[in-house]
Amino acid sequence: MAAVRRYEPTELEPAWVQRWEDEGLYRASEDPNDPRPRFYALDMFSYPSGDLHMGHMEAFSGGDAVARFAAMRGHNVLHPIGWDAFGLPAENAAIKRGTHPDEWTYANIAQQAASFRRLGMSFDWTRQLNTCDPEYYRWTQWLFLRLFERGLAYRKTAAANWCPNDQTVLANEQVINGACERCGTAVVRRDLTQWFFKITDYAQRLLDDVDTLVDWPERVLTMQRNWIGRSEGASVDFEIAETGDTVEVFTTRPDTLWGVTFFVLALEHPLVATLAQAGGSAEEAGRMLDELRSTPLTSREQADSREGVRLGVHAVNPVNGEKVPVFVAPYVLMEYGTGAVMGVPAHDQRDFEFARHHGLPIRVVIQPEGEPRDPDTMTEAHDHEGSMVNSGPFDGTRSPESIATVIEWLDEQGIGTPAVTYRLRDWLISRQRYWGAPIPIIHCPEHGEVAVPDDQLPVELPHDVDFRPGGESPLARHEAFVNVSCPTCGEAATRDTDTMDTFVDSSWYFLRYCSPREDTAPFDRDAVERWMPVDQYVGGVEHAILHLLYSRFVTKVLFDMGMVTFTEPMLRLMNQGQVIYDGASMSKSKGNVVEPMPLVESWGADTMRLMMLFAGPFEDDIDWKLIAPDPHRRPGVTSWLSRVFAAVGEAAERDAADPDELRRATHRTIQGVTDDMERFRFNVAISKLQVLTNEMRSALDAGGGAREAASALTQMLAPMAPFAAEELWREVLGNDTSVHLSSWPVFDPDLARRERVTLVVQVDGKVRDRIEVEPELDEDACRDLALASEGARRAVAGREVGRVVVRPPRLVNIVTRG
RNA sequence: GCCCGGGUGGCGGAAUGCAGACGCAUCGCUCUUAAAAAGCGAGGGCCUCACGGCCAUGUGGGUUCGAGUCCCACCCCGGGCACCA
Numbered sequence: 007m008a009a010v011r012r013y014e015p016t017e018l019e020p021a022w023v024q025r026w027e028d029e030g031l032y033r034a035s036e037d038p039n040d041p042r043p044r045f046y047a048l049d050m051f052s053y054p055s056g057d058l059h060m061g062h063m064e065a066f067s068g069g070d071a072v073a074r075f076a077a078m079r080g081h082n083v084l085h086p087i088g089w090d091a092f093g094l095p096a097e098n099a100a101i102k103r104g105t106h107p108d109e110w111t112y113a114n115i116a117q118q119a120a121s122f123r124r125l126g127m128s129f130d131w132t133r134q135l136n137t138c139d140p141e142y143y144r145w146t147q148w149l150f151l152r153l154f155e156r157g158l159a160y161r162k163t164a165a166a167n168w169c170p171n172d173q174t175v176l177a178n179e180q181v182i183n184g185a186c187e188r189c190g191t192a193v194v195r196r197d198l199t200q201w202f203f204k205i206t207d208y209a210q211r212l213l214d215d216v217d218t219l220v221d222w223p224e225r226v227l228t229m230q231r232n233w234i235g236r237s238e239g240a241s242v243d244f245e246i247a248e249t250g251d252t253v254e255v256f257t258t259r260p261d262t263l264w265g266v267t268f269f270v271l272a273l274e275h276p277l278v279a280t281l282a283q284a285g286g287s288a289e290e291a292g293r294m295l296d297e298l299r300s301t302p303l304t305s306r307e308q309a310d311s312r313e314g315v316r317l318g319v320h321a322v323n324p325v326n327g328e329k330v331p332v333f334v335a336p337y338v339l340m341e342y343g344t345g346a347v348m349g350v351p352a353h354d355q356r357d358f359e360f361a362r363h364h365g366l367p368i369r370v371v372i373q374p375e376g377e378p379r380d381p382d383t384m385t386e387a388h389d390h391e392g393s394m395v396n397s398g399p400f401d402g403t404r405s406p407e408s409i410a411t412v413i414e415w416l417d418e419q420g421i422g423t424p425a426v427t428y429r430l431r432d433w434l435i436s437r438q439r440y441w442g443a444p445i446p447i448i449h450c451p452e453h454g455e456v457a458v459p460d461d462q463l464p465v466e467l468p469h470d471v472d473f474r475p476g477g478e479s480p481l482a483r484h485e486a487f488v489n490v491s492c493p494t495c496g497e498a499a500t501r502d503t504d505t506m507d508t509f510v511d512s513s514w515y516f517l518r519y520c521s522p523r524e525d526t527a528p529f530d531r532d533a534v535e536r537w538m539p540v541d542q543y544v545g546g547v548e549h550a551i552l553h554l555l556y557s558r559f560v561t562k563v564l565f566d567m568g569m570v571t572f573t574e575p576m577l578r579l580m581n582q583g584q585v586i587y588d589g590a591s592m593s594k595s596k597g598n599v600v601e602p603m604p605l606v607e608s609w610g611a612d613t614m615r616l617m618m619l620f621a622g623p624f625e626d627d628i629d630w631k632l633i634a635p636d637p638h639r640r641p642g643v644t645s646w647l648s649r650v651f652a653a654v655g656e657a658a659e660r661d662a663a664d665p666d667e668l669r670r671a672t673h674r675t676i677q678g679v680t681d682d683m684e685r686f687r688f689n690v691a692i693s694k695l696q697v698l699t700n701e702m703r704s705a706l707d708a709g710g711g712a713r714e715a716a717s718a719l720t721q722m723l724a725p726m727a728p729f730a731a732e733e734l735w736r737e738v739l740g741n742d743t744s745v746h747l748s749s750w751p752v753f754d755p756d757l758a759r760r761e762r763v764t765l766v767v768q769v770d771g772k773v774r775d776r777i778e779v780e781p782e783l784d785e786d787a788c789r790d791l792a793l794a795s796e797g798a799r800r801a802v803a804g805r806e807v808g809r810v811v812v813r814p815p816r817l818v819n820i821v822t823r824g
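Our numbering puts the first residue of the first sequence at 7, with every later residue one more than the last.
These are computed hints drawn from the structure, not numbers from a lab. Where a beta carbon is used, it is the ideal one built from N, C-alpha and C, also for glycine. Don't take each hint at face value.
Label pairs and their computed distance ranges (CB to CB) [claimed, not checked]:
(1) H390 to K631: 40 to 50 Å
(2) E375 to P170: 53 to 63 Å
(3) P170 to G402: 55 to 65 Å
(4) D57 to E778: 52 to 62 Å
All chains, please: the whole structure from these sequences, using the hints.
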């Protein structure tokens with residue numbers, strides 16, 4: 007047992023990093039006889055773009071606390087780490103520095119790994135994975151091929167952002183105000199044949215299962231639902247009078263069909279060319295198409311919604327045989343519904359504006375009670391309820407209740423059918439980029455798209471590539487990579503030169519962690535069966551939609567393949583807040599970036615962790631400017647740890663038993679902190695530990711013992727301040743094995759129960775007195791005590807007492823009359 | 001425009017029938033040559049020497065014996081989606 011020691015975090019922390027590693031403390035057990043229930047604690051893996059930043063501090067302080075807490079609660083914990091290492095920033099950095107993307111990437115990985123070790127994260131380092139490692143992306147390619155086999159990976163022509171100067175495809179994020187982020191040249195649209203994953207096939211299942219994710223943040227579920235965007239309505243066919251072509255439209259408002267006064271097609275609609283020809287508007291329509299092509303994808307929403315060209319042909323409204331003019335306009339999107347809309351200006355705001363601009367008639371077919379709308383005086387569309395008018399058989403019917411009946415009627419008449427549309431689009435996974443997993447397809451003149459046989463995976467990314475922008479995919483310039491023979495016929499063929507979206511890499515990494523060195527399959531099924539689904543996923547809300555949706559999709563595909571037995575990958579999800587500075591997100595351009603690792607070097611890792619966890623609720627943003635101490639002082643949590651060291655050190659030297667009052671405080675704290683830890687309320691847990699520290703100090707000052715309190719405090723500190731706790735546990739309290747292998751303290755309910763509680767005496771709802779009573783005090787006794795109390799008597803002051811509300815043993819409210 | 005969150009001291013935040021726990025900053029004091037480190041104490045606002053009282057959780061209403069907490073309206077802040085037919 008050692009003497010009281012000063013708290014010197016920067017001296018004690020690095021030593022424990024080494025000892026923990028030597029002892030293999032955080033290795034997940036694969037022993038089938040291990041009796042402990044398993045727990046998969048997953049932190050979103052890191053993108054190695056430099057050293058760790060403040061966001062890592064917040065997320066991983068919480069994630070590590072979860073993993074350590076679970077272990078102390080008796081679980082066999084899997085807590086892995088890896089690197090989401092492919093992606094554009096590596097390529098950009100390499101171009102800027104004249105090096106290779108892998109140099110930059112691996113240097114950053116080494117840096118981040120060293121920093122994570124310095125922070126004392128409880129990762130099972132033996133499971134480290136890296137998406138740019140051929141041993142990993144081999145299986146990403148394998149996954150692609152399985153989707154390809156099932157018809158879930160396909161190619162189609164799609165628009166991409168194109169920089170005419172750099173001769174390269176740009177991601178949406180690289181287009182700033184319609185210009186290339188690198189050279190400032192105006193970006194244009196360019197059609198390319200690209201690969202897609204057919205996630206829309208899973209839209210309904212992805213939506214349905216959102217309801218099962220009860221332990222996810224509500225806002226994430228809302229975002230997922232909105233993103234999938236299910237709409238119910240009807241599909242209705244309109245015939246083109248001049249050509250006899252049929253055009254299908256989707257509408258959520260079939261009750262307004264009688265109010266159709268025009269018809270609009272998307273610019274990319276396949277019938278536009280022939281209809282423009284037939285209507286004599288080919289020139290004008292062509293001009294609009296050209297204009298569209300020169301607009302970057304990102305600025306399309308800025309286009310004027312009233313813009314449009316009259317094609318000169320007419321569509322026949324199937325409910326009444328009326329002929330209405332057909333337009334082509336950019337506000338109609340080819341990607342949604344059928345790429346055609348019926349124009350109902352009286353009841354849709356965009357249609358209204360379009361009609362006014364083009365001088366088209368407006369016909370009211372839904373009249374609100376009391377204030378009938380007149381087409382001549384309307385200033386906006388009426389999209390609320392009302393009675394149907396001018397609607398043939400439906401006149402007088404209430405809308406929107408009538409929608410279902412109208413759909414039924416359309417069906418009977420053979421005019422339309424019930425239809426469901428989703429906003430979700432297929433997932434475009436092609437990137438005309440170098441630093442990603444090559445798409446394992448060979449294009450054969452004879453056999454078309456041919457899968458690279460599994461035994462030829464991985465299709466390795468060649469190292470000697472000119473990845474600087476220019477032309478199409480950089481891989482297309484590498485002849486040895488491109489020119490191959492067809493796996494089917496052996497004739498000359500070419501490799502696909504696109505690489506995959508990095509979201510493909512990250513859509514299955516959590517499965518790989520279960521058996522990271524498996525070399526005959528992407529994962530060992532037994533291992534996945536053992537560990538999955540993830541018990542607790544921790545990461546930023548910026549991944550609330552894409553990453554999580556893609557991971558859910560891939561899991562469902564694997565389920566359909568019989569590879570896994572669950573349909574959702576993550577049971578619980580928690581989003582940490584962002585670390586911002588002075589109200590704004592940290593960014594290099596704003597010059598407000600605070601680097602955490604130098605602070606860790608001077609204050610210690612435990613201090614940084616506690617600052618993050620104590621700053622507020624885990625999900626809330628942290629404004630560093632508001633919580634950072636003056637530069638010449640040390641953070642408050644460091645002072646607290648210092649007091650903990652002094653108190654635990656003193657307690658260790660006392661032989662006396664803990665006084666009863668301290669024991670009760672200790673057990674109450676265990677009860678409270680356990681609950682807080684389960685609910686991610688780290689800030690509240692820490693405040694309770696601080697209170698216990700103060701109680702210990704009082705007990706010690708009074709000459710009592712505090713050994714039980716010291717042990718419990720040390721253990722409860724362990725998930726959040728692992729170094730300080732370990733030092734206290736082993737070196738001060740004299741335990742032989744790690745605090746991180748110890749069992750979380752259990753409270754004694756008898757001790758945790760309060761021995762005295764405060765009975766609050768209110769008169770007319772205002773607190774007038776407080777009485778310390780035994781918790782078992784009954785209703786009558788509480789009432790009598792309250793009525794007799796000094797404060798109550800003074801406040802009642804002779805007035806007549808009416809009702810007396812008693813909630814034993816906490817509160818009595820005396821209501822007076824008059 | 002639609003859909004989510006959220007407004008509590010100087011600050012971060014506690015609080016499901018005692019508003020302001022815990023902490024930061026501040027002020028006073030102790031130790032120190034000084035600073036750092038450490039320790040003790042004070043503190044929502046107004047009235048009062050004090051006991052005590054009144055007012056206070058964005059604004060205005062409401063429900064209730066009792067509202068930071070529930071309901072309605074409004075204001076402000078943050079986030080998501082956004083020509084979605």
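Hints, one by one, checked against the model:
1. H390 to K631: 40 to 50 Å: Distance hint for H390, K631 holds at roughly 46 Å.
2. E375 to P170: 53 to 63 Å: 57 Å, holds
3. P170 to G402: 55 to 65 Å: 59 Å, holds
4. D57 to E778: 52 to 62 Å: 55 Å, holds
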